[in-house]
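**Q** Please work from the sequences and hints to get the whole structure.
So the protein lines, in turn, are chains E and U. First residue of the first sequence? That's 1 in the working numbering, and the numbers climb one at a time after it. First residue of the second sequence? That's 1001 in the working numbering, and the numbers climb one at a time after it.
Treat the hints as calculated values from the structure; they're not laboratory data.
Per the computed footprint, the stretches of chain U lying under chain E, defined by three or more beta-carbons under 8 Å from a beta-carbon of chain E, are:
1. 1070–1080
2. 1207–1218
3. 1298–1305
Note that the Cβ used here is the ideal one computed from N, Cα and C, for glycine as well.
What follows is each chain in one-letter form.
2 protein chains.
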Amino acid sequence: MTICTVSVEELTELAQSALMSAGVAATDAADIADVLIAADLFGIHTHGVQRIPQYLERVALGGVNARPTISTLAPAPALRLVDGDNGIGPLVGRRALREALAASRAAGVGVAFVKGSNHFGPVMPYLFEAAQQGFAALIASNATTTIAPWGGKATKIGNNPLGWGMPAGADDPILFDVALSVVARAKIRAAAAAGVKIPTTWATDAAGIPTDDPDDALAGFLLPIAGHKGYGLSVMVDLFAGVLSGASYLDRISSWSSHPEVAQDLGHFFILIDTAVLCSEDELRQRTTDFRARLLATPAADPSSPVRLPGQSEMQNRHRQLRDGVDIELADVGKLRELSERPSTVGGVQ
Amino acid sequence: MTICTVSVEELTELAQSALMSAGVAATDAADIADVLIAADLFGIHTHGVQRIPQYLERVALGGVNARPTISTLAPAPALRLVDGDNGIGPLVGRRALREALAASRAAGVGVAFVKGSNHFGPVMPYLFEAAQQGFAALIASNATTTIAPWGGKATKIGNNPLGWGMPAGADDPILFDVALSVVARAKIRAAAAAGVKIPTTWATDAAGIPTDDPDDALAGFLLPIAGHKGYGLSVMVDLFAGVLSGASYLDRISSWSSHPEVAQDLGHFFILIDTAVLCSEDELRQRTTDFRARLLATPAADPSSPVRLPGQSEMQNRHRQLRDGVDIELADVGKLRELSERPSTVGGVQ
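**A** Given below as C-alpha cells:
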C-alpha cells in the first residue's frame, strides 16, 4: 500500500471529474466531492473519495441515479421531508443538511427527514459544516443490515451511524460520530486475511453464538456495542431515520454489495439547533472552553495515553492535512484518474 | 423485603400527600406523582415513588426548592428555554415536556432546553406521555458525575440517561431509555454486600484500572458502555443538556448525595417531533407494525430467549400493574405514609 499526498484542490478536481464522467452534473459533483474530501481530511479514508468508484459502479448498473431530482416538502415551519430520488448519498445528504439549516434559521430548530437516499458517507462532514455555521447537530442514517437483533440469528439492523456536533465559536467544534457495532466488517475481513483470531465481543457465527473465528464471524453477524443497549440505540435510529422519514428500514433495505443494481431507499435525519438563538457566540465559546479544559485536565490512568475529547484526533488530522495535503492511497488516485479520463456519458460536463 | 400491591389511585394519593406535607403545591405534587408512578408502572422502581423521601430530604436541607417559579423563554418558534428554579426534578421535567409539546404543535418540531433542575426520574415516563400524543421524542439529562473520561482517573461525567420514543398509533409505543455506564453503582453495592466479584467491564479502581473487586470499584469509577464510544455519547449528551441549556455540566455539578443541601443545576433537553405532520396515524401504525413484526420474527440464538423490542418488558409491566396494582416495597409505602401524616409545612395544603 503506497500513500501519496495530494492537495485539496487537486483531489477536488479529480473527484469532480470522475463523478462528471458518469453523468453527474457539475454542481452536484462539487457537493459530493466536498463531503468525501472532508471525510478524507478527518482521516476517515474508508468513507472518503475511495468510495467514488463504488458509487459509480452502482450508477452504471442502474442502482443509483446520477441525475436525481431531489424534492423537498415543508409540512411545518421546522420540518422538511426530502426525497433524494435515489441520488448519490453525499449529494442527497448535503441537500438535506441545507434544508435543515434553512428551517433552523427560521424556527430555531430545523429537522430534515430524508428518504430515497444511499450511503451518505460518514456523519462528521455534515456535523462540521453545521458547526461552522453555529448549529449544534444530531445526524444519523440507517444502513444495509449487518447486525442481528440482540439474541437473534438473522441480520435485521444496520450499523447505523449516529453523530452529534457542537460548535464552539471560533474554536474547533466538538464532533462525535459513532457506529453501533463493536467493529466494522472490514476489521473482521482483515483478521481473516491475516489468519488471526478475533475477540468474542465482535461478532457471532451463523447460529448467533459469539465466535473468535473471523471466517465464522463473516458468515455470521456483527455484535452491537454494549449488547442490548447498542441494539436498542440502533433500532431507535432506524425508527427515526427509516420509519419516520418514509424510507426503507430493517431488512427492507437491500444490500448495496449483493444487489448493487437495486435502489436502497436509505433514510437519514438531520436535527439542527441554532445556538445563536440560545446564547452569544462568546458565551458559547467560554462554556465549551471550560468544558474542554475540565475533561482534558483529567489525570490519565496511563500517563502515556492522555484523556482526549471526542473527535479530537479527527480535527487534528484535518488541520494537518489542510496544511500538508491529503494522504491518499496511490491506487485510489489511479482509479479516480482512470474514471475521470474516460469519455463522459450523457450530459456529464456542464 | 416485602412487596405489597397498591392501586394507582391509592399510590397517587399517598405520593401527593407526602409531597404536599413538605410544602409542594397540590398541582405540582400531582405532576411529580404522575411521573414517579409512571416509572413504577414500567417496573423502574429505583426511580419511582421511593425517591420521594430523598427529594424531600433535600427540600428540608434547602438543597431543592419546594415552591419554584419555573419560567420559560421562547427565543424562536421551535425553541424553549426553561429555568426550573431548582424545583423538584420531575416537576421541572414535566413542565419542560409541556413546553416542548406546545412548540412542536406550532412548528412541527419543539425543543426545550432546561437549566436549574434536579434528578428528573427516568426518561421513559416523558417518552410515553409524548408518544401517547403522537410525538416522537429524544430526551436526555446530565447527572451527578460517576464516570471517568475514557483513560482517565477522576469522575467527570454523569451516567447521563438518553431516551428515544416512537409512537405507533393505537398500539404500544416503542420506547428506549439507556444509561451510559455499563451498570449502575447500585449493582456494584449489591455485589459488595453479597461479597461477590464483579466483571472487569463494570468499573475501575481509584487508579483507573479495571477491577473485579466491588469495594475497589466503589472507590473508583463506573466504566462507560462500549469504552470510548459510551464516553463520547455521554460527553455529547452533557454538551446538549448542560452546555446548550445554560445549566451546570461535568464536575461543576455537585453531588446530590455528598452535598444534598447544594443546588445541582442539572440540565435536560427534550426534542419532540409531531408525527401527525409527517404521515397519517394509520400509516405510522402500519409502518411500526411491520417494523415490530420483522424484528420479533428473527429466529433466536437460544429458543428459550426470544428476540424482544426495546421497552417491551416495561410496556408489559405497565399493562400488568395497571390491571393488578403496583408492586411496591412495604417499607417504601410506610415511609410515604409517615411523610404524609406529619404536620404540613408552609402552604403545603392548597
